[in-house]
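Undergrad: Sequence:
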Amino acid sequence: MEAAAKLFSLSLLLLLQSFCIYGAVSTLRLCADQNCEKTISLAHAVTKYTSDDPDILSFEHGQTIRIYSKSAGTRMDLWGCEVNGKRGYVPFKMLREFHIYEHAPNVVLPTEVCGDVFLID
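When the letters of the sequence shown are read in order and numbered with mature numbering (1 follows the signal peptide of the UniProt record, and there is no 0), they come out as residues -27 to -1, 1 to 94.
Just so you know, the hints here were simulated from the structure itself, not pulled from any lab data. Worth double-checking, as some hints may not be accurate.
Stated by the list, open to error - Restricting the straight-line Cα-Cα distance to at most 20 Å, the calculated cross-link-like pairs of lysine to aspartate or glutamate (EDC-like) are:
| hint | residue 1 | residue 2 |
| --- | --- | --- |
| 1 | 43 | 26 |
| 2 | 43 | 70 |
| 3 | 11 | 55 |
Stated by the list, open to error - Quick list of simulated restraints, FRET-style, between CB atoms:
| hint | residue 1 | residue 2 | range |
| --- | --- | --- | --- |
| 4 | 21 | 58 | 15 to 23 Å |
| 5 | 19 | -26 | 54 to 62 Å |
| 6 | 12 | 50 | 19 to 27 Å |
| 7 | 34 | -26 | 20 to 28 Å |
| 8 | 74 | 21 | 20 to 28 Å |
| 9 | 39 | 81 | 19 to 27 Å |
| 10 | 8 | 69 | 24 to 32 Å |
| 11 | -26 | 15 | 57 to 65 Å |
| 12 | 49 | -26 | 25 to 33 Å |
| 13 | 33 | -1 | 28 to 36 Å |
| 14 | -26 | 21 | 48 to 56 Å |
| 15 | 37 | 10 | 17 to 25 Å |
| 16 | 23 | 44 | 16 to 24 Å |
Nothing here was measured: the structure is a model prediction, and the numbers come from that model. Where is the CB? At the ideal position from N, CA and C, for every residue including glycine.
Based on the sequences and whatever the hints tell you, model everything.
TA: Set out below in structure tokens:
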């Protein structure tokens, strides 16, 4: 009985860890500086987007979005952005860059996920 409880607890822990690792945000991000604070570009939203995920930002059509990181790691479809003063992630296909400050960002950094190592701010 005790072995079954330990096996169940271990299975549950592994399942929760997999959700953290393979959740909404990527494991890595491509930035222009070591702190991921330098703006890579500015973009306009090509459509309205609403997200229920707290790490994925919602925005209005035409809204200006500041890009801080680009595709790297497990979620190549997300860029690190700022919308209305809040940092998070945006599907890059929803954006059209109009002013590029850094054409070739080359600093690869880890992203924080589930309170372990992965912060976006």
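Undergrad: Check each numbered hint against the structure and report the violated ones by number, ascending.
TA: 7 and 12
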